[in-house]
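Q: Dock chains B and C against the given chain A, drawing on the hints supplied.
For reference, the chains in residue letters:
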Amino acid sequence: MRIALFVTCLNDTMFPDTGKAVVRLLRRLGHEVEFPAAQTCCGQMHFNTGYRKQVTPMVRSFAETFAPYDAVVTPSASCAAMVRDWHPRIDSGAAPVASNVYELAEFLVDVLGVTDVGAYYPHRVTYHPTCHSLRMLKIGDRPLQLLRAVRGLELVELPDATECCGFGGTFALKNSEVSAAMGADKVACVRATGAEALCAADNSCLMHIGGILTRTGPDVRTVHLAEILASTEEDPHE
Amino acid sequence: MSSAREEILGRVGRILGPGRTPAATAYTAIERPYLRRHHEDGVLDLFAERTADYRATVHRVDPADLPGAVARALTGSRYAVPGGLPAEWLAEVDPARLAHDPGIGELDGLDGVVTGCAVAIAETGTIVLDHGPGQGRRALTLVPDYHLIVVTADQVAPDVPEALERLDPARPLTFISGPSATSDIELNRVEGVHGPRTLEVILTVRSP
Amino acid sequence: MSEHATRDRGRASMPTYLGMPPFPEAAGKAVADTRLRGNLAHATGTIRDRRLSAVAELDDWDALREAGKQIKDHTLEHLDHYLLLLEEKITAAGGTVHWARDAAEANRIVADLVRATGHTEVVKVKSMATQEIGLNEALAEEGITAYETDLAELIVQLGDDRPSHILVPAIHRNRAEIRDIFRSRMPDAPADLSDSPAELAEAARRHLRAKFLSAKVAVSGVNFAVAETGTLVVLESEGNGRMCLTLPETLISVMGIEKVLPTWQDLEVFLQLLPRSSTAERMNPYTSTWTGVTPGDGPRDFHLVLLDNGRTDTLADQVGRQALRCIRCSACLNVCPVYARAGGHAYGSPYPGPIGAILSPQIRGIGSPVDASLPYASSLCGACFEACPVAIDIPEVLVHLRAEAVEEGPKHPLVGTAMAAAGWTLRSPRRLALAQRLASASRRLVGRRGQIRRLPGPLRAWTDSRDAPAPPPESFRAWWKRTNGGRS
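Residue numbers (UniProt numbering), protein chains in the order written: chain A, 1 to 238; chain B, 1 to 208; chain C, 1 to 488.
If we strip away everything but chain A, and leave its shape as in the complex, we get (with noise of 0.2 Å):
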């Protein structure tokens, strides 16, 4: 099986880490990864903004990178989605390849057949659903199924977690307040779980919760579930 990385734009430029935990996480498992360097953004930003002429050469490109591969792993759920359910809508050409795009956890779990994967993490962790994995991708309990595995990592429920952090892209800039309210109360959640650490799939909205979070106390860190599955004894995640 021939294994793409689709590291996504925003980890390639702001969280280099979670990439380099999947390439890591995947490799403990057995399996290369590769990363066609072409590769660029899969044009969500664009397309919820409304510009979507700007979208469709990303997603025709999007297509040829990926062509090659029996499988393209990302780790964002966000992105996944926006690649399966819109791509083949924008360009139907994309269908095929789209349909072999999996979110991390799904891949593991679906495809791999793992739930655990070998990982240490001896830390108090919380766990929010991010929308797009949860209502859109619909991966359910595989993040939890995975987190509960791993060795040291005590996992405690966050309350109304089903409930949106109040991301959603460019809606945190074009509706901030609102946006920010929303981030307060999930916020508020997260403290009220004890948790050390905040996972999710998606840096994007870690990103958003994380930037409450260190503006008003630093007791809670966020890190992305892939820096968790990939984080070993031998090689802790730091």
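Rather than coming from a laboratory, the hints here were simulated on the basis of the structure. You may find that some hints are simply not true.
Said to hold, decoys possible - Lysine-lysine pairs mimicking PhoX-like chemistry, simulated, CA-CA at most 25 Å apart: (1) C:Lys29 <-> A:Lys174; (2) C:Lys411 <-> A:Lys53; (3) A:Lys53 <-> A:Lys174; (4) C:Lys411 <-> A:Lys174.
A: Leaving out everything else, chains B and C in the frame of chain A:
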């Protein structure tokens, strides 16, 4: 200038275009994978339980005991009754306490109204009046503050689909699920606004 | 994708509430109102859990939802046929059918009908269609007084307020505020009126009783209209609907043309979907159905006004059309995290919340700043789609209308330039890599412990309330290239 009717229909026709499958044919293609009923057994118990959930009072009696049950329920002084209500239901009530098909002015001063019904729905605890004999015109069961309804076992349909099948849409219908209520204050249900604030139901079931 | 970029619009109008700013500004103010947020959080929180259990009680909910969607889609696809059938059946049953292209025409028809009765007062049962066309204001100009009889509408009317919710227009008011409005504005309210909901309901009952018993003309909306039988259906709770539909001599009902259903049997689906979705009840307290006029029972004179007002424009949009499936249950409002914080008034329309964000810009057109802002009034979390009993994919319509706003709405040159520049960068891996190197180079200038406290320009909206991460020393692609994917 074309009339509003022609203009609206014209626009709809242009938008939807010619060459559509005839409506009657297309209608049969609608999929209805839902259930005709949600409960097979215990329909009468379910009806009593669900009606009571709305804070209606429900009594189960043998048909032979109905006149007594009606008499016990009517604790006020004067009640409206519609034409066509079986006389034996009121056999134990003093006829002087009954007003037959009163006008609206009189209705407002009465203690309540006694009627039968057309159909009941167990799943939703609903009683349907079709305002035929024994049920009166619509105002009769609306203006008084108390409504006693007699439901016979055979009138209880298990669920909404079968209830609608039994009803005639050409008649005016009133579906009643509990006493008048509102959710308008903080989205919490409170019983008792403009319609009857007390709903009492006597369900007649022949004892085995 | 915007296949209707140049479409011929019909006549439509709906009050944009006077002086309403675009959504972000109005919502920004509402968010700061802690009492409003408390009231909304309390009310929507109450109904959310109850709706979930009312829905969970039926194991075939998804099947009912699918059938509801299909029936509505079928009806829209044959709308002309069913409207004609409805007209024929109502006429045969002794009613009169009127057609109105827009709000002004509908208001004219209703005012003329009321005037012909010789009366100057009407009682009204809550109706979104008459809110949409601003009927009360139009009647007032003709010297006709409309009395709202629904408790929440009464609260809004007495308080000189605007509705903020489809089902519970006074959802933004808590019980203490309602008591204060009643005490100061309801002439016959008891002086010692408390804030207990039961007492408040009792005060409304006494206040409206005489009105109902003497009313000669009533105006209502319509939840469903059955074409094959000419039967109209109104669902309600309080009994004010029954009062209006039964006691007066003349009844005038106003309905959007999308409310028609093919058959009586179709009601078996919607009478299960609507109450559970709106008030989380197995069935609402009262549902009235009537077909034309019934001698000796109820109004002697019945009129139905069929209203287009932008609905045919909405029908013309292949993606946006699904908004016409809406049965006005308001489940989407109750689950919406944006609505819960912004409140209904921020949407600048009688239709607030997620459904309003897709309905108002379609009915009114997307030309004004308010309407162009509405499709963006969502984080696209998808909770509305999940809750919708007729499966309207609201997020899909929102992004569709955003594309329309960019093409046809008021221009935002700065945003347009920024999006074009971002698009240009993201279309090429080389340009993206260059941008990443620039970002990494800037990190020492901006970062403090890896966090940026303040960003310049439009990005300041981000750092007003949250830190931004400083760019990393090297991008993922730079790392991959330098280390051969971590192998060297």
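Q: For this structure, which hints from the list above don't hold up?
A: none
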